[in-house]
Amino acid sequence: MKKLISCIDASFGYDSRAVVENLDFTIYQGDYVFIVGENGSGKSTLVKGILSLIKPLKGNIEFENGLKKNDIGYFPQQTEIKSDFPASVKEIVISGCVSNSKGRFFYSREDKKTAEEKMKLLDIYDIQAKSFASLSGGQKQRVLLARALCAAKSMLILDEPASNLDPVVTEEFYRIIDKINREAGITVLMVSHDVRGTVKFAQKVLHLGEEENFFGNLDAYLSSDVGKRFIGGKRI
Amino acid sequence: MIDYLFSVFSYPFMLRALIVGILVSLCGALLGVNLVLKRYSMIGDGLSHVAFGAMAIAAALNLAPLAASVPVVILAAFFLLGVKENSRIKGDSAIALITCSSLAVGVTVSTLSGGMNTDLMNYMFGSILSLSDTDTALSIILSVAVVFLYIIFYRGIFAVTFDESFARATGVRVDIYRMLTSLLTAIVVVLGMRMMGTLLISGLLIFPPLSAMRVTKNFKATVILSAIISVVCFVIGILVSFVMSTPVGATVVIVNLIIFIITNLISVIKK
Chain A
7 MKKLISCIDA SFGYDSRAVV ENLDFTIYQG DYVFIVGENG SGKSTLVKGI LSLIKPLKGN
67 IEFENGLKKN DIGYFPQQTE IKSDFPASVK EIVISGCVSN SKGRFFYSRE DKKTAEEKMK
127 LLDIYDIQAK SFASLSGGQK QRVLLARALC AAKSMLILDE PASNLDPVVT EEFYRIIDKI
187 NREAGITVLM VSHDVRGTVK FAQKVLHLGE EENFFGNLDA YLSSDVGKRF IGGKRI
Chain B
76 MIDYLFSVFS YPFMLRALIV GILVSLCGAL LGVNLVLKRY SMIGDGLSHV AFGAMAIAAA
136 LNLAPLAASV PVVILAAFFL LGVKENSRIK GDSAIALITC SSLAVGVTVS TLSGGMNTDL
196 MNYMFGSILS LSDTDTALSI ILSVAVVFLY IIFYRGIFAV TFDESFARAT GVRVDIYRML
256 TSLLTAIVVV LGMRMMGTLL ISGLLIFPPL SAMRVTKNFK ATVILSAIIS VVCFVIGILV
316 SFVMSTPVGA TVVIVNLIIF IITNLISVIK K
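So the sequences go chain by chain: A and B.
Here the first sequence is numbered in the working numbering, starting from 7 and rising by one per residue.
Here the second sequence is numbered in the working numbering, starting from 76 and rising by one per residue.
It should be emphasised that the hints constitute simulated quantities derived from the structure, not laboratory data.
Note that the Cβ used here is the ideal one computed from N, Cα and C, for glycine as well.
One thing to keep in mind: the hints can contain errors.
What the hints assert, rightly or not - To list a few chain B residues with every Cβ distance to chain A over 12 Å, as calculated:
1) Gly246
2) Val249
3) Ile329
Claimed, not checked - Within a straight-line C-alpha distance of at most 27 Å, the following computed DSSO-like cross-link-like pairs (lysine-lysine) qualify:
4) Lys88(A) x Lys295(B)
5) Lys126(A) x Lys159(A)
6) Lys295(B) x Lys61(A)
7) Lys54(A) x Lys74(A)
Chain A extracted, bound-state conformation (with noise of 0.2 Å):
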């Protein structure tokens, strides 16, 4: 299997006080990690890391076997979007695409396929011309998945990306990248507050705490310490 990342023995955190520590983990191609955690033990910060938005205080993480930043798709938390700007599904959609084909002024005829694909999948072709404001929320987040899914060329990194959905919408919204981590080969990275319902996707759990991390895989998480505290304390 190929490795994508390694990192090493890395610490991420804010103005020099570090968040997360000592983190030690490798993603192969095509793997399904959870990362968990309580609030506060730097799970969003780790996503930044990896994406490179913010540099590791110490430690070294990297991006291995060719994998670039514009590989991959990100699924941000959605409060980062204003509810009333004026876009619609296939511009936000389209938009994944915008790292694709540097240097030119325009999309390309294979990110309109690509794109036209994308909301196929996901099934939103038939609105791609409604205005994101008027969708309901489960729409809005098959909408910025399908974005992802543009810029995803090898992994996608979901953070908490069913926060504030129903849950049978949840689950099918798991069910959906489950899909796509299977068929498409797409490496999943995927935040999650919601570890009862959901930690059955994966093949394996990052978990950061605050005395220990562990990494490694789901059925080793169910039986450690670790998991069996974190996940017996949600009332399975």
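Given the coordinates of chain A, assemble chain B onto it according to the supplied hints.
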């Protein structure tokens, strides 16, 4: 009446004002969309006051006002649009601070150097007479450059305006776009304030996008409609101001206000 309106164009200063005004309105509307959506609506106001201060100092030192104020305003724009990132002074306070200090400096300097002269009054409230041939040529070149850059970078501008963290994560150089927006905004403000005046330049930047946003569903339509509204309002405004002998800036803003009310009514009726 029609003949009378056409006679407007026989005055060279009106023709100059019309050409420059249309171009600047167009640029203002394009950039205004981003400023409104990025919650930077007061930037235009802040920058025009900086330009006022710079022009007062330039006049006192006998420098060419337009050439002297452009670099100063560009610097101020970099500072104001970049301030959100990492600063102890928050964006709106920074704008208020700069607006107020520039005005104070401008007024003080111009009083010391021989009282408020007509030039400065023109910059305050705008004057179509203030455009020389060189100004006109410079305005045309800069406006064309702004429109051209906006079209070239349109994709990136959309991505960055819609969702900065996504754009950055996928490898878009967000800082370059931010600098580009600052640069273009500064240029448009300096050009526009000759016509609209320091106090009313915001009208050129903010009203057209707000009106357009009431009735459009996507970004491209918002940008295009905003540009159309801006140009139409300007042309109506300058003609009315000629016929009724009212100040151009104020008249254009009032026309914009009327359009804003109309588009609001349309959006309410549609629902």
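Is it correct that the beta-carbon of Ile329(B) has no partner in chain A closer than or equal to 12 Å? 25 Å, holds
Are all beta-carbon distances from Gly246(B) to chain A longer than 12 Å? 4 Å, violated
Does the structure keep Lys126(A) and Lys159(A) at a Cα separation of 27 Å or less? Holds, at roughly 17 Å.
What's the verdict on Lys295(B) and Lys61(A), does the C-alpha distance respect the 27 Å limit or exceed it? 36 Å, violated
Beyond 12 Å from every chain A Cβ: check whether that's true for Val249(B). Given a closest Cβ separation of 10 Å, the condition is violated.
Is the straight-line distance between the alpha-carbon of Lys54(A) and that of Lys74(A) 27 Å or less? It holds: about 15 Å lies between the C-alpha atoms, which stays within 27 Å.
Are Lys88(A) and Lys295(B) close enough, with their CA atoms no more than 27 Å apart? 17 Å, holds
Taken one by one, the earlier hints fail for this structure at numbers 1, 2, 6, listed in ascending order.
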